[in-house]
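Enquirer: Whole structure, please, built from the sequences with the hints as guidance.
Going line by line, the protein sequences match chains F and C.
First residue of the first sequence? That's 1 in this note's numbering, and the numbers climb one at a time after it.
First residue of the second sequence? That's 1 in this note's numbering, and the numbers climb one at a time after it.
Be a bit skeptical, because a hint or two may be false.
[Said to hold, decoys possible] Listed below are the simulated SDA-like cross-link pairs for lysine to any residue, each with C-alpha atoms no more than 20 angstroms apart in a straight line:
1) 9(F) / 38(C)
2) 37(C) / 5(F)
3) 9(F) / 43(C)
[Said to hold, decoys possible] To be clear about the criterion: a stretch of chain F counts as covered by chain C if any three or more of its residues have a C-beta under 8 angstroms from a C-beta of chain C, and this derived list gives those stretches:
4) 40 to 46
5) 91 to 103
[What the hints assert, rightly or not] Chain C regions said to be covered by chain F (calculated; three or more residues, Cβ under 8 angstroms):
6) 44 to 56
7) 96 to 110
Simulated from the structure, these hints should not be mistaken for lab results.
Please read all numbers here as calculations on a predicted model, not as lab measurements.
The beta carbon of each residue, even a glycine, is placed where N, CA and C say it ideally should be.
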Amino acid sequence: NAGVTQTPKFQVLKTGQSMTLQCAQDMNHNSMYWYRQDPGMGLRLIYYSASEGTTDKGEVPNGYNVSRLNKREFSLRLESAAPSQTSVYFCASSETDAQAFGPGTRLTVT
Amino acid sequence: GENVEQHPSTLSVQEGDSAVIKCTYSDSASNYFPWYKQELGKRPQLIIDIRSNVGEKKDQRIAVTLNKTAKHFSLHITETQPEDSAVYFCAASLGDYKLSFGAGTTVTVRA
Chain F
1 NAGVTQTPKF QVLKTGQSMT LQCAQDMNHN SMYWYRQDPG MGLRLIYYSA
51 SEGTTDKGEV PNGYNVSRLN KREFSLRLES AAPSQTSVYF CASSETDAQA
101 FGPGTRLTVT
Chain C
1 GENVEQHPST LSVQEGDSAV IKCTYSDSAS NYFPWYKQEL GKRPQLIIDI
51 RSNVGEKKDQ RIAVTLNKTA KHFSLHITET QPEDSAVYFC AASLGDYKLS
101 FGAGTTVTVR A
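Expert: Right, here's the structure in full:
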């Protein structure tokens, strides 16, 4: 079991560029989540998907879109990157309450 | 929405001493309280969790206590070791299996 995987591990973008962060899980979990982690602010929920075919906004959704492609995969898209989106992005999944996290993507927007 | 406050933000302890981290939450509907440990450059890892129908839970050197009336819960690490040095996050459930996280506590264990 690979658990939760994310690609890429690192990315540098210029302001205005777009990109998609990929996340997959092989634990047959129904729920998946995207967080961003900034120094001193913990983990903040961007979007989540309670089940295949549904997505909902979290605490900080502005500037992001998501797609729940199937039960395994949940992608996060930045349409026009901004320096304020420089952060570490974590994907997570869960069957009930306990969430398992992926290794993270470190994104820098210049 | 749920607001989780975590204290202290940094904690330095001598190896072998105990460490205590405290969290408070605002939503009385929260019923699940996990703790995550994050080593530098790594992903958060679940180390212990507690549900609202339980007051205390132990797993070897770590324990969590919950006071639902006061809306606070704490992580206790006994006999600290250098490998306990990490950032620790508390969280509280929001419904739909969502979590609201505290800002984190950086624990340093001095040899």
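Enquirer: Decide if the proposed pair is consistent with the structure: residue 37(C) and residue 5(F), CA atoms, cutoff 20 angstroms inclusive.
Expert: holds (19 angstroms)
Enquirer: Checking C-beta pairs, does the region 40 to 46 of chain F have three or more residues closer than 8 angstroms to chain C?
Expert: holds (count 6)
Enquirer: Within 20 angstroms, alpha carbon to alpha carbon, are residue 9(F) and residue 43(C)?
Expert: Status holds; Cα separation ~12 angstroms.
Enquirer: CA of residue 9(F) to CA of residue 38(C), is that 20 angstroms or under?
Expert: Satisfied, since the Cα-Cα distance of roughly 17 angstroms is no more than 20 angstroms.
Enquirer: Using a Cβ cutoff of 8 angstroms, are there at least 3 residues of the region 96 to 110 of chain C near chain F, or does the coverage claim fail?
Expert: holds (count 9)
Enquirer: Confirm or reject the coverage of the region 91 to 103 of chain F by chain C under the rule of 3 or more residues with a beta carbon closer than 8 angstroms to the chain's beta carbons.
Expert: As far as the region 91 to 103 of chain F goes, the hint holds, because 9 residues have Cβ atoms under 8 angstroms from chain C.
Enquirer: Closer than 8 angstroms Cβ to Cβ for three or more residues is the test here. Does the region 44 to 56 of chain C pass it with chain F?
Expert: As far as the region 44 to 56 of chain C goes, the hint holds, because 4 residues have Cβ atoms under 8 angstroms from chain F.
Violation of the numbered hints given earlier is absent; every hint is satisfied by the structure.
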